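Protein sequence lines correspond, in order, to chains A and B. Each residue of the first sequence is one higher than the one before, starting from 1 at the first, in the numbering used here. Each residue of the second sequence is one higher than the one before, starting from 1 at the first, in the numbering used here.
The hints are simulated quantities; they were obtained by calculation from the structure and are not laboratory data. Given the structure is predicted, the values throughout are model-derived calculations rather than measurements. Some hints here could point you the wrong way.
Since the list gives no way to pick out one identical chain from another, each pair is judged satisfied if it fits inside one copy or across any two copies.
Using 27 Å as the maximum straight-line C-alpha spacing, the simulated DSSO-like pairs for lysine-lysine come out as follows [what the hints assert, rightly or not]:
| no. | residue 1 | residue 2 |
| --- | --- | --- |
| 1 | K2 | K31 |
| 2 | K205 | K188 |
| 3 | K161 | K228 |
| 4 | K228 | K76 |
| 5 | K82 | K188 |
| 6 | K226 | K84 |
| 7 | K34 | K84 |
| 8 | K253 | K205 |
| 9 | K34 | K161 |
| 10 | K120 | K71 |
| 11 | K2 | K71 |
| 12 | K152 | K9 |
| 13 | K84 | K120 |
| 14 | K212 | K253 |
| 15 | K219 | K71 |
| 16 | K82 | K226 |
| 17 | K120 | K99 |
| 18 | K120 | K27 |
| 19 | K161 | K90 |
| 20 | K120 | K226 |
| 21 | K140 | K90 |
| 22 | K219 | K253 |
| 23 | K188 | K228 |
2 protein chains.
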Amino acid sequence: MKVGYLGPKGTFSYEICKNTYNENVEKIPYKTIKETIVALDNNEVEEAIVPVENSLQGCVTETLDTLIQNKNISIKKEAILKIKQNLMAKELYSLDSIKEVYSHPQALAQCRNYLQNNLKNANIIEVTSTAFAAREVVNKPYAACIGSIDCKDEYSLQLLKENIQDNQSNETRFWVLGKDLEENNNSKQLTIIFTTLNEPGALYKVLSIFDKHHLNLTKIESRPTKTKLGEYYFWIDIEIENKDYMPAIDELKNVVGFYRILGKY
Amino acid sequence: MKVGYLGPKGTFSYEICKNTYNENVEKIPYKTIKETIVALDNNEVEEAIVPVENSLQGCVTETLDTLIQNKNISIKKEAILKIKQNLMAKELYSLDSIKEVYSHPQALAQCRNYLQNNLKNANIIEVTSTAFAAREVVNKPYAACIGSIDCKDEYSLQLLKENIQDNQSNETRFWVLGKDLEENNNSKQLTIIFTTLNEPGALYKVLSIFDKHHLNLTKIESRPTKTKLGEYYFWIDIEIENKDYMPAIDELKNVVGFYRILGKY
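Start from the sequences and build out the full structure, keeping to the hints where you can.
Given below as structure tokens:
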């Protein structure tokens with residue numbers, strides 16, 4: 001079996017990948033979230049691991065925007081990882097001497113206050129993953145990266161400062177993606193995307209269906225449809241453990257513009 | 001009068017600033033959205049202009065997250081700008097020869113497909129504004145920036161390619177921020193942030209109040225509270241033109257953990 005993840009080795013996605021699959025599973029790194037999901041769509045891998053949301057930064061928009069466009073992909077499982085960000089470099093530089101800081105935009109955002117207070121004059125350089133950042137600084141003097149402590153050994157870096165995220169309640173939710181929507185009777189959660197009808201109270205009408213069927217909404221997120229300012233896709237998570245949610249789905253069809261079940265897991 | 005904006009000269013925020021205020025108003029550039037809002041909070045400026053959401057990328061999370069933390073600030077007005085992104089450099093380089101592309105993360109995200117198709121091997125470098133990116137490439141060989149066409153003249157750059165955003169329906173919504181919540185009887189829109197109670201159906205209860213009072217919701221966005229994965233602030237926009245919305249606000253108090261009116265405008 002082959003599994004894709006947001007690589008290279010040393011990313012938080014890789015950590016989840018190691019926790020989820022045994023060593024017989026071939027783990028293939030991709031350069032972006034989009035490429036990871038497209039690889040699954042193209043059958044290069046059978047499953048894929050992507051980050052979904054973080055407790056500090058919110059929704060990983062690239063994941064949702066790519067899933068909306070890849071209709072054959074569904075969520076098989078979720079996994080939550082406690083995130084610790086660390087500042088690393090090829091030598092034990094003083095913070096004052098660092099000229100560049102490399103990392104993934106989400107990791108940079110998670111350390112925004114730390115960077116403003118301690119590395120105000122360094123150039124912030126956005127790259128496609130935390131591990132790619134580590135690889136970048138291996139041979140760069142006075143450059144540091146931010147990422148998982150795994151990168152320290154993986155790329156032979158020095159640890160300048162550990163645990164630099166602005167908030168200690170830093171967790172990331174990941175999805176394990178597959179090709180077919182699983183018919184699992186023990187699912188705890190349902191994830192749906194939909195658009196509303198173009199009329200007053202349209203979103204309320206959708207949510208009232210779930211309320212009527214005693215289904216609790218644990219998450220709602222809007223993403224632009226990219227056609228017009230003010231038009232959105234909605235992503236919702238619903239608790240379905242021991243619930244018959246099919247009647248709600250049947251009613252949903254009448255009050256949405258479009259909907260798709262992204263996963264039962 | 002003094003007004004702050006996400007600078008330097010040549011940003012889209014500057015364009016809105018020029019459209020909104022006459023030449024007697026002193027326009028002061030700040031380096032980040034957070035610094036712009038904090039300057040208003042500290043009375044360095046009387047008003048401030050910040051981007052809020054974009055039709056392709058969605059919510060500008062830094063704006064909302066900073067507003068949540070600065071309790072004395074409110075929205076006075078909104079303005080919408082049609083966005084055109086352009087690739088510029090100090091000389092008319094061929095795309096193949098470009099080694100680095102500088103811009104603000106939102107602008108980079110808006111041109112994600114263009115970059116992947118045309119500048120796949122260039123390093124993408126995130127800076128704090130589109131105009132700062134322009135300033136960065138003024139003296140850098142084989143480096144390009146992405147931003148407003150204003151930057152071309154402002155920084156004496158060459159236009160390599162105009163209109164490179166992935167989608168032509170590219171609009172950004174801005175807010176004009178001030179210190180006091182205005183009592184304006186002609187307001188069209190109400191923006192509120194709130195947290196829900198920790199119980200099933202909590203969000204539905206909030207929205208049902210607005211439905212009961214025939215108030216239409218045009219926007220809902222969730223942002224993490226940064227305390228725990230799965231806990232959110234909600235930001236909603238409500239149409240209030242010719243409506244008595246105060247009874248709804250009175251009822252709202254009973255079904256939320258916390259709420260604040262960010263603006264009537």
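Intra- versus inter-subunit Cα pairing at 27 Å for K188 with K228: Classified as between: cross-chain Cα gap 20 Å, same-chain 35 Å, threshold 27 Å.
*At most 27 Å between C-alpha atoms: does K161 with K90 qualify within a copy, between copies, both, or neither?*
within (13 Å within a copy, 38 Å between copies)
I want to check one pair: K226 and K84. Are their C-alpha atoms no more than 27 Å apart within a copy, between two copies, both, or neither? between (34 Å within a copy, 15 Å between copies)
**Request:** Classify it for me, K205 with K188: is the Cα-Cα distance of at most 27 Å met within a copy, between copies, both or neither?
**Result:** So K205 and K188 pass the 27 Å test inside a copy (24 Å) and across (23 Å) alike.
(Q) I want to check one pair: K152 and K9. Are their C-alpha atoms no more than 27 Å apart within a copy, between two copies, both, or neither? (A) within (11 Å within a copy, 40 Å between copies)
Is the C-alpha distance from K34 to K161 at most 27 Å within one copy, between copies, in both cases, or in neither? between (31 Å within a copy, 25 Å between copies)
Item to complete: If the cutoff is 27 Å on CA atoms, where do K140 and K90 land: within, between, both or neither? Let me know, please.
Response: both (7 Å within a copy, 26 Å between copies)
Note to self: Within a copy, between copies, both or neither: which one fits K120 and K226 at a CA-CA cutoff of 27 Å?
What the structure shows: between (35 Å within a copy, 23 Å between copies)
Within, between, both or neither, where K34 and K84 count as close if Cα-Cα is 27 Å or less:
Both: 24 Å inside a chain and 24 Å across chains, each within 27 Å.
- First find the shortest C-alpha distance between K219 and K71 inside one copy, then the shortest across copies, and answer within, between, both or neither for a cut-off of 27 Å. Close inside one copy (21 Å) and across copies (25 Å); limit 27 Å.
Discussion item. When Cα atoms must be at most 27 Å apart, do K120 and K71 count as within-copy, between-copy, both, or neither?
Written reply: between (43 Å within a copy, 26 Å between copies)
- Task: First find the shortest C-alpha distance between K2 and K71 inside one copy, then the shortest across copies, and answer within, between, both or neither for a cut-off of 27 Å.
- Result: within (21 Å within a copy, 50 Å between copies)
In this structure, none of the earlier numbered hints is contradicted; all agree with it.
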